[in-house]
Each structure stands twice: as structure tokens, then as C-alpha cells.
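Residue numbers (the numbering used here), protein chains in the order written: chain U, 2 to 165; chain V, 2 to 165.
Read the hints as simulated data drawn from the structure, not as lab findings. Take the hints with a grain of salt, since some may be wrong.
No distinction is drawn between identical chains; accordingly, a pair holds when it is met within one copy or between any pair of copies.
Unchecked claim - Below, in silico cross-link-like pairs of lysine to aspartate or glutamate (DMTMM-like), each with a Cα-Cα straight-line distance of 25 Å or less:
1. 75 - 93
2. 95 - 139
3. 33 - 78
4. 146 - 93
There are 2 protein chains.
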Amino acid sequence: MAKEPKKLDDLFLDTLKDIYFAEKKILATLPKMVKAAQSPELKKAFEKHRGETEGQVKRLEQVFGIIDKKPQAKKCDAILGIAKEGEEIMREFKGSPALDAGLLSAAQAVEHYEISRYGTLKTWANDLGHPDAARLLDATLQEEKKTDAALTQIAEAVVNQEAA
Amino acid sequence: MAKEPKKLDDLFLDTLKDIYFAEKKILATLPKMVKAAQSPELKKAFEKHRGETEGQVKRLEQVFGIIDKKPQAKKCDAILGIAKEGEEIMREFKGSPALDAGLLSAAQAVEHYEISRYGTLKTWANDLGHPDAARLLDATLQEEKKTDAALTQIAEAVVNQEAA
Numbered sequence: 002m003a004k005e006p007k008k009l010d011d012l013f014l015d016t017l018k019d020i021y022f023a024e025k026k027i028l029a030t031l032p033k034m035v036k037a038a039q040s041p042e043l044k045k046a047f048e049k050h051r052g053e054t055e056g057q058v059k060r061l062e063q064v065f066g067i068i069d070k071k072p073q074a075k076k077c078d079a080i081l082g083i084a085k086e087g088e089e090i091m092r093e094f095k096g097s098p099a100l101d102a103g104l105l106s107a108a109q110a111v112e113h114y115e116i117s118r119y120g121t122l123k124t125w126a127n128d129l130g131h132p133d134a135a136r137l138l139d140a141t142l143q144e145e146k147k148t149d150a151a152l153t154q155i156a157e158a159v160v161n162q163e164a165a
Numbered sequence: 002m003a004k005e006p007k008k009l010d011d012l013f014l015d016t017l018k019d020i021y022f023a024e025k026k027i028l029a030t031l032p033k034m035v036k037a038a039q040s041p042e043l044k045k046a047f048e049k050h051r052g053e054t055e056g057q058v059k060r061l062e063q064v065f066g067i068i069d070k071k072p073q074a075k076k077c078d079a080i081l082g083i084a085k086e087g088e089e090i091m092r093e094f095k096g097s098p099a100l101d102a103g104l105l106s107a108a109q110a111v112e113h114y115e116i117s118r119y120g121t122l123k124t125w126a127n128d129l130g131h132p133d134a135a136r137l138l139d140a141t142l143q144e145e146k147k148t149d150a151a152l153t154q155i156a157e158a159v160v161n162q163e164a165a
């Protein structure tokens, strides 16, 4: 029998596994960023986001449940590339007054990756007739947008003036 | 003599090289996405973005000029990771009704990476006293945001309904 062509529900599941991998990678990376950050405000922002990320992982597990699948991670090359750039900054700018600016830039690249993925997943969940999943994905999307806005504020108000 | 610690202008230059690499990679990838797209509307959107990307590369070259540097690309692991995911989708969903949805999701991940980088670079250009560079970077930032909004509209209105 010929294999069925892949459909939107396959794409949804693939992308869900991708962002599940990404969230776990972020959860593992955030404590390093808390430790590296120089400004107390930035440390606090990263710590807060770590707590939120734990909740976001749980929401993803609920979404897997809604579509009757076991939570499973699939290697996400995008987040690995973004994280690698962040690690380079931590190494190359260690002890530099510009370190926090670099950490902020790395964190905002992560936020934007997540914003794009959750936006896509939310649209697909609605198309596939899973409004409860769409609501969970949207809750995380709104959190990520808030985090990004908070990081922009820190970048403009505090860190870059120290770094210049 | 000990090496000077790295500063914000080093970070600015590094990040400029990173996005210059990314834009060139995007320029090389867009024709493949035009070719792969099934809906005429999506093909047209990718074609339009290819033209814009050429202008964005030129703006980056102007920014290099403003800070008295030659345009130079530096390997950007983030865009390579994002592009790799896009290529996987083109391969795995070839011939699938969900292909366009996948292409849109890949394109929006790229847009969001650029939005984060141009936002960061614009803030830093202002901090470093290069308002002309900040204006150029902001012009591209606004284009990327418009492209992302246009892709969201296509995703919601056309492609996903075909794919479901």
C-alpha cells in the first residue's frame, strides 16, 4: 500500500515536537543566562522567564494530550543555531560591559523564534478543529510577546547605556 | 599589551556581519521557495520579498560604510538552522496539500529572526551615535514586519484551508 501523503495534522505534530524540543533547550539554557547577566534587572527578567517556560512546557504537554499523542521532542536545528550564537556571545563578551546587551539580543532572537512558532501552531490548531489547543498555544504566544517587550525595555533603558 | 575588552561597537559589528550573512542566505533560498510554493499568491509574496531582500542587503552595505568598515559576512548558525528546517519541510511535504502551510511557517521563522536582529541593531546604532545607520536599519525592520503580517494573512486566508 502506498504511503498516505502528509497533511496539515502531520505538520502540526512535527512542529509541536520541534517547539517542545526548543522549550526544553531554553529551560536548560536560562540558568546559564541568569548567572551570566550583570544587571540585577536582567537577571530577574531571565529568572521570571524560566518560571514561565516551565508552564509553557506543561501547556505543550496538554496540547499533545488534546491530539491524543504522547509528548515527544524532535531535534530543532533553529533553536540549536540560535543557542550556539548565544553561547558564543557569553564566551566572547565575558567581562565586557557589552555582555548584557549581547545576552538581551540572544534572548530576543529566542523569543522571536517562539513567537513565530506559536503563531503558526495556533492558526493550524484552529484550522484542524482544536480550539482548546489553540487557546493554550495563544496563552503562551501572549506570554512570549510580553517577555519580548519587557526585554526591549530593559535593552533600551539600562543595558545599552552601560555598554556604550 | 593586553587586548582591549570587547565593547558595544564590537557587538554591533559582529551582529551586522551575522545578519549580512543571513540576508545573503535568504536571497539564495527564496528562488527555491518561489518554485516550491503551490498557491500563486504565495509565489508572488516570495517573489516580492526577494526584491526587497536585495534592497536590504544594499542598506546593510550602507551601514557598514557609515561605521567605516568593509561589508563582511560571518557565519550565522541561527539562519542555517532555520533554513535547514525549511529545506526539510520542502523535502518531506513535497506534493502534499500542506506544503504551502509549511513554507509559510518556515518563512515566518526567518522574518522573526530578522525582526529581532534589526530591532537590536537599530537600538545599538542609536546608542553608538549613528542615527543614519539607525534609520536604515529601521527601514528594513518596518519592511520585515510588513512581510510577516502579509504572510500571516496568506496563512490564515488561503493556505491552511486548502491543507486541512
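Evaluation of the provided hints:
1. 75 - 93: between (30 Å within a copy, 15 Å between copies)
2. 95 - 139: neither (36 Å within a copy, 29 Å between copies)
3. 33 - 78: both (20 Å within a copy, 20 Å between copies)
4. 146 - 93: neither (28 Å within a copy, 30 Å between copies)
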